[in-house]
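Novice: Sequence:
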Amino acid sequence: MQKLLNRVQAANSLLCVGLDPVGDDAQVARRLAEVIDQTSEYAAAFKPNLAFFLSRENGVQLLRETVQRVPDGIPVILDGKFGDIANTADHYARFAYDVIGADGVTVNPYMGDDAIVPFARPGKLVFVLAKTSNKPAHSLQDVALTRGGSLSDCAATIARKLDEAHGGIGLVVGATNAEAVARLRALCPEQWFLVPGVGAQGGDLAATLRSGLRPDGSGLLINTSRAIWQAEDAAAAARELVEQMNQLRPVTV
14 MQKLLNRVQA ANSLLCVGLD PVGDDAQVAR RLAEVIDQTS EYAAAFKPNL
64 AFFLSRENGV QLLRETVQRV PDGIPVILDG KFGDIANTAD HYARFAYDVI
114 GADGVTVNPY MGDDAIVPFA RPGKLVFVLA KTSNKPAHSL QDVALTRGGS
164 LSDCAATIAR KLDEAHGGIG LVVGATNAEA VARLRALCPE QWFLVPGVGA
214 QGGDLAATLR SGLRPDGSGL LINTSRAIWQ AEDAAAAARE LVEQMNQLRP
264 VTV
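For the sequence shown, my numbering assigns the number 14 to the initial residue and increments by one for each residue that follows.
Hints listed in this document are in silico derivations from the structure and should not be mistaken for laboratory results. A portion of the hints provided could be inaccurate.
Unchecked claim - Lysine-lysine pairs mimicking DSS-like chemistry, simulated, CA-CA at most 27 Å apart:
hint	residue 1	residue 2
1	K94	K148
2	K174	K16
3	K174	K94
4	K94	K16
Starting from the given sequences, assemble the full structure and let the hints guide the process.
Specialist: Pasting the structure below:
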């Protein structure tokens with residue numbers, strides 16, 4: 014978490030650059046290098062999506078090379094949405110941290126704290142899925158609980174309690190529902206949110222920042238993938254996004 018805080022302050026940025034590589038192997042390797050090199054000045058973090066690498070024959074090696082290319086001081090969050098019982102989760106954590114070299118992960122909390130705690134190593138970041146950016150016809154996250162609130166609220170509360178015990182645990186909260194962002198910020202006033210859904214998925218950047226920023230102007234990592242990957246000038250796209258965010262932040266850190 015301290016690495017993230019240092020980077021946010023140094024870059025004056027809340028931008029998380031998502032790496033969801035598409036194309037043939039040669040094109041992807043070239044574009045990954047371009048995007049990292051061109052956006053590093055503006056990135057508070059990078060987030061490679063595990064599925065987009067594992068679908069390639071050389072995917073694990075390409076992922077390792079991608080993580081190694083990120084400059085020191087910029088956190089890398091491996092978006093694997095891991096979610097299994099403790100013994101298996103421990104092996105996933107070894108893969109993410111020891112094999113790939115990531116600084117953090119995304120985790121599916123459906124199996125409870127058994128699926129989260131193995132990733133909560135000192136110095137690592139864990140973002141627990143609470144309210145995701147997709148809009149399925151049948152959403153478990155929106156199921157109402159008899160004691161009040163929804164399943165996503167319950168996941169957020171569990172993550173907050175685990176953060177108090179272990180540190181470094183935040184939430185994944187999609188930008189496609191600003192009301193949910195505000196509700197979860199009220200439940201978890203101090204935790205960091207990793208926020209997908211701005212851009213191609215239709216999330217409202219201004220509404221998300223109003224709903225989710227902490228009073229100090231931080232607490233959100235706004236992820237953008239396609240808007241940067243598909244841009245002719247990745248640096249310009251990243252710079253524009255950071256400028257938009259900073260205009261909307263009440264305080265810059």
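Novice: For each hint, tell me whether it holds in the structure or not.
Specialist: Now the hints, each set against the structure:
Among the hinted pairs, K94 with K148 is consistent with the structure: their alpha-carbon atoms are about 17 Å apart, no more than 27 Å. As the CA atoms of K174 and K16 are separated by approximately 22 Å, the hinted pair is consistent with the 27 Å bound. Proposed proximity of K174 and K94 is supported: the alpha carbons are some 20 Å apart, at most 27 Å. Distance restraint check for K94 and K16: the Cα-Cα separation of roughly 22 Å lies within the 27 Å cut-off, and the hinted pair is therefore satisfied.
The structure fails none of the hints (numbered hints given earlier).
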